[in-house]
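*Asks:* Use these hints to put chains C and S onto chain D, whose structure you have.
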Amino acid sequence: MATETIRTLPWYAPPRVAQAMGQVRRYPLVPLALLTFLLVIPALFASQVAPYDPLQGSLSKRLKPPAWQQGGTLEYPLGTDKLGRDMLSRIIYGARVSLMVSLVAIFVGGIIGTVLGMISGYFGGWVDALLMRLVDISLSLPTILLALVLVAAVGPSFGTVITILMIFLWARYARLVRGETLAIKERDFIARARVAGASHIRIMARYIFPNVVNSLVVLATLQVGYVILLESTLSFLGAGLPRPTPAWGLMIADGRELIVTAWWVSMFPGLAIMLTVLSLNLLGDWLRDHLDPKLRNV
Amino acid sequence: MQRYIARRALQSLLTIWVMTLIVFTLARISGNPLDVMLPLEAGPEEYARVSKHWGLDQPLHTQYFIFLSKAVRGDFGDSWKWHGESAMGLVAQRLPATLQLAGFALAISLVIALPIGVLAAVMKGNGWDTAAKIIALLGQSLPPFWLGIVLMWIFAVHLGWFPTSGRGGIQYMILPAITLGWFQVAVVMRLLRSSMLDVLDSEFVKLTRIKGLAEWKVIWKHCLRNASITPLTVFAIIAGGLMTGAVVTESVFSWPGTGQLVVDAVRARDFQVVQAVVIVFAGIFILTNLVVDILYAYLDPRIRYQ
Amino acid sequence: MKPRFVSLVPGLLMALALTLVTTPTPGLAQATKTDRLVFASAGFSESNRYWMVSRPDHLQYDPFLETLLEVDPKSGEYTPRLAEKWYPSSDYKEWTFILRKGIPFHFGFGQFTARDVVHSHSMMMRPEATATLAGFWRQVEEVKAVNDHQVVFRFKQPTTVMDYGASRAGDLRIVSKAQWDKEGIDGFDKRPAGTGSYRYAGRQAGLSISFERIDNHWRGEKPAFRQLEFRLVREESTRLAMLLSGEAHIADLPRELQKDALKRGMKIYSSSFPVDWMTIYLGGMYFMPGDSAFKADVPWTNKKVRQAMNMAVNRKELLNTVFAGKGTYTYVTGWLPQSEGWNPEWQRRFDGMYGYNPAKAKELLKEAGYGPGQLKMKILAFTEPGESEGPQVAEALGIYYKDVGIETEIEVLDWAKVREMFRKKTIGCCIWPNIISWRPSEESIRTFNYSKGPNHHYENEFIDKTYLAWAQAIKPEERQRHARAIADHLFEEFADIPLFWFANEVVANPKVVGDWVYPGLGAGRSTHFHLVKPPAK
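Chains as they are written, first to last, in the working numbering: chain D, 1 to 298; chain C, 1 to 306; chain S, 1 to 537.
Accuracy of the hints is not assured; some may be wrong.
[Unchecked claim] Okay, derived cross-link-like pairs now, EDC-like style, lysine to aspartate or glutamate, Cα gap no bigger than 20 angstroms in a straight line:
hint	chain 1	residue 1	chain 2	residue 2
1	S	Lys424	C	Asp35
2	D	Lys61	S	Glu492
3	S	Lys190	C	Glu85
4	S	Lys156	C	Glu46
5	S	Lys190	C	Asp78
6	S	Lys425	C	Glu85
7	S	Lys533	S	Glu221
8	S	Lys425	C	Asp35
9	S	Lys424	C	Asp78
10	S	Lys417	C	Asp57
11	D	Lys61	S	Glu317
12	C	Lys52	S	Glu420
13	S	Lys424	C	Glu85
14	S	Lys452	C	Glu46
15	S	Lys452	C	Glu85
16	S	Lys360	S	Glu492
17	S	Lys417	C	Asp78
18	S	Lys156	C	Asp35
19	S	Lys402	D	Asp53
For the record, the hints were derived by calculation from the structure and aren't laboratory data.
If we strip away everything but chain D, and leave its shape as in the complex, we get (with noise of 0.2 angstroms):
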């Protein structure tokens, strides 16, 4: 159990600062600046923000150094890419690409993954074993080797890359609100609700679903940065977003061969990436320390 200390304060601040302070400390502020400044503000006003057209590059203009480089000019403060495009805007625009995808994917897969979790946990049986049978089978495709035979099938897309991301989550999503939902439908209330003829839909959205929340903010959190990483390996091995899309993943698989004589063209959307997904996970740790600390071991 943690012991909480109680800091001694100088003699000059005054105490209802100190208790602000107090109550400031007790968020996460660093990831959630760092977020906003590098997700949520580029994803929300990408057009107003970025100085130029993420699609739009001109030829001559291309693999121009960082402004404070030798060769690198102040009108593309971070360079510009392979086909002249300023890198700045493409990053800009490429936390809305990356928070998007990782965002529908969490959620269609959530839902699916907690819906059929519900059910698997609640009603036991034999469609418990079946669904955990999926479960398992889900788990135990190897996702990349899946995505590279699905888009070798039905080329790369939004559409691909969402569902590939998908049939990855729901399974974890499915196991964790499974567990939960045993824990909680042997607890006196929910046998009261069943005794005054609730229905089994409303039981498991009134009663259960609440109390599963929790885990499921935490996890989903914990997930995005992940799924982050997983969108840029998957375009890493050809796999994931079409071009010209500017994803930070297929950024970095772009600039690869260039690592050493154009660094910036992958440096900077892997920094993007690292640190995007270093405040998120933080972030999900703050969350489930002080939402759900049973959560630890997840």
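*Replies:* Just chains C and S now, with coordinates in the frame of chain D:
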């Protein structure tokens, strides 16, 4: 206990069978392999001839039946890209390389994660804990292929400490293994830390402390052992993850394992090899899970009666 | 102590044990740098079964399996090799080869005779044969060994490209019948016997193929390096790293990385001839009368649109940016100055007809009825190992077309899909850049423009008629006439968007490699390794 084993074994078999169905279908929808096998000069007669030779002119269910009946005997057919080799033969040829890399990566990640994870738990809220958190987070945030290329450039080209690619003695393995294992360090460390925290708190440990056992003994002998049960499950998952994570690492470092094999096979639409690799990987994963579950049931009798 | 726990320590030990147990015995001790030449290639289909391997992957046979005819590294001409003399019959249906005497096979499998030629060809008749020219070899009705040193190929139809097929640019590798009789296919797979100045020394699956020099090559070829190794390295940056760290002495590098290698003191070795051409092909050009695949609403069935699409492309800029300035212009797809039917007029007229002129392009589009933004098209792109420029060219094209008011959408597929589409004539929607390796222009027309050929790009009645006349013509002036007629036709009609010819460029360490001349037209592109000489002291 027998019943539990039998039940789990049957379920595993079923899972593997469904895997073959899924893989077979997916491989087939990925397109016509003849378009990759045959040169631009090949006209319709060549297509017909080669199609017949490989049995591709048969209806899909016939192909699946032939495939399945051979697969149960371990025969996954001949490769279409690596002429003259059998699909299973190729997998067997390349699997040791991947296992070796995965094993080494796991070892490295454990060697790093173990002490840090334990220390982080013991010195909770301290500098160690923060350091551990940062290392863990960094591990989970870097794209592995990018890390691999950067490591190669720094250590193999600029410093010249290691070779850039290929397989040979132990020096060829270091960079790829670090790349591969990096991500796992974080997972193992977290797990270890949280399960250690649980144990450190428990009555059992309080008892050992009251008994007056030396602190280090308490931590290393008693807590660690008890803390190991949860990571056991993860071991299985990590092992599976390492094997598929090997795909990217093997590409960057030209490590001749199954990861590289399968990427090439998919590109060449060599279904035979793709099927063989995916089923072998899935099989290993499912088998490991089975073994872990049985071990679990042995250690914790409550599980048997679920 | 009750064995209640499975701790991590045994897990650790297990992992370490697994590692040690599966470590392979250390490979061949690395010979001194100058004794073992290492070439880092982008990869090839590993197999000794040459009848199943496509021409570019014949790189792996070039050092040790020879062909009947040679390709001269400087002039590109077909010269004697295992065959001393060769000539066709008057109707070009029979080709006779007089073979050289006194050529031993490796590993003691006896002397080279006509029976080995018959045997080597018979491999192409196997049901699984998928070599590039397998279709051609299967047109042979009979191969007869007239005596020990004379062999005759009889074809169903007359053919004028036999010398191409039988040369180092083709894929008829001569292997030993004696070995096949004695060891069967397993022996052949393990250790194929050839006649080259290098001998097969073994493979490491997924890694490399090695060769060792023989003494007393029948032609007196004495390669400077005792051992030769081709490594398979998929990642370009890894190949560069190997070259810079000295693990490899020659590397196949994409243009972007060539610059960097040059900066660090490496040198480029270019083939004597261009080996690949890049053209942007247009779908839907099925002008044979009554062809149901033809759709009149495909915008570029209108010649003005095709010309506009050509004039919108800034070839100079494209060449300098995407291809680092390394290439020469193609005037008619598939034609080199040494090809039959080459017309020097094209060079003079090219700028006026195809040159970069966005204003004129816009005008042409308007004339064709397409105002700005009204013309939409899809560009298909794909990458192959070693050819990563497809998507870049597609994206550049998108930018150029936007400038003249054409809306584009890029779709990245894999090569096989695109091929299926143009094979089945379902590609009317799209245009696509493609890099194709050199073949004689007659073969090029048959493969891509002949309506009864395997692929369907730009085809019409005139091409069909003229091609047939060309294929059956014997006299050189007649052949030139037909070839020129087709080529001029393609030029006038803007059949596609020709871009560039590329030579094969590999990068080598000048401390290890001094001189190397190779034609590039040989199967495998990087050939004639026996001509690699160390730098003069």
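*Asks:* Does each hint fit the structure? Answer for all of them.
*Replies:* Taking the hints in turn, this is what the structure says about them:
A C-alpha spacing of about 11 angstroms is found between Lys424 (chain S) and Asp35 (chain C), which places the hinted pair at or below 20 angstroms, so the restraint holds. Of the supplied pair hints, the one linking Lys61 (chain D) and Glu492 (chain S) is violated, its CA atoms being roughly 34 angstroms apart against a limit of 20 angstroms. Straight-line distance between C-alpha atoms of Lys190 (chain S) and Glu85 (chain C) comes to about 11 angstroms, which keeps the hinted pair within the 20 angstroms bound. Simply put, Lys156 (chain S) and Glu46 (chain C) have alpha-carbon atoms about 17 angstroms apart, close enough for the 20 angstroms limit, and the pair holds.
Restraint check for Lys190 (chain S) and Asp78 (chain C): the C-alpha separation of about 17 angstroms stays at or below 20 angstroms, so the hint holds. Between Lys425 (chain S) and Glu85 (chain C), the direct Cα distance comes to roughly 34 angstroms. Violation of the 20 angstroms bound is thereby established for this hinted pair. A hinted pair counts as satisfied when its Cα atoms are at most 20 angstroms apart, and Lys533 (chain S) with Glu221 (chain S) qualifies at roughly 12 angstroms. For the proposed pair Lys425 (chain S) and Asp35 (chain C), the alpha carbon gap of about 14 angstroms is at most 20 angstroms, so the pair holds.
This hinted pair does not check out: Lys424 (chain S) and Asp78 (chain C) have alpha carbons roughly 28 angstroms apart, beyond 20 angstroms. About 19 angstroms separates the Cα atoms of Lys417 (chain S) and Asp57 (chain C), which keeps this hinted pair within 20 angstroms; it holds. At roughly 11 angstroms between alpha-carbon atoms, Lys61 (chain D) and Glu317 (chain S) fall within 20 angstroms of each other, so this suggested pair holds. Between Lys52 (chain C) and Glu420 (chain S), the direct Cα distance comes to roughly 18 angstroms. Compliance with the 20 angstroms bound is thereby established for this hinted pair.
For the hint pairing Lys424 (chain S) with Glu85 (chain C), the CA-to-CA distance comes to about 31 angstroms; that exceeds 20 angstroms, so the pair is violated. Annotation: proposed proximity of Lys452 (chain S) to Glu46 (chain C) holds, straight-line Cα distance about 14 angstroms (limit 20 angstroms). For the suggested pair Lys452 (chain S) and Glu85 (chain C), the alpha carbons sit about 35 angstroms apart, so the restraint of at most 20 angstroms is broken. For the hint linking Lys360 (chain S) to Glu492 (chain S), the alpha-carbon distance of about 17 angstroms falls within 20 angstroms, and the restraint holds.
Of the pairs offered as hints, the one joining Lys417 (chain S) and Asp78 (chain C) is violated, with about 23 angstroms between alpha carbons and a cut-off of 20 angstroms exceeded. For the suggested pair Lys156 (chain S) and Asp35 (chain C), the alpha carbons sit about 27 angstroms apart, so the restraint of at most 20 angstroms is broken. About 14 angstroms separates the Cα atoms of Lys402 (chain S) and Asp53 (chain D), which keeps this hinted pair within 20 angstroms; it holds.
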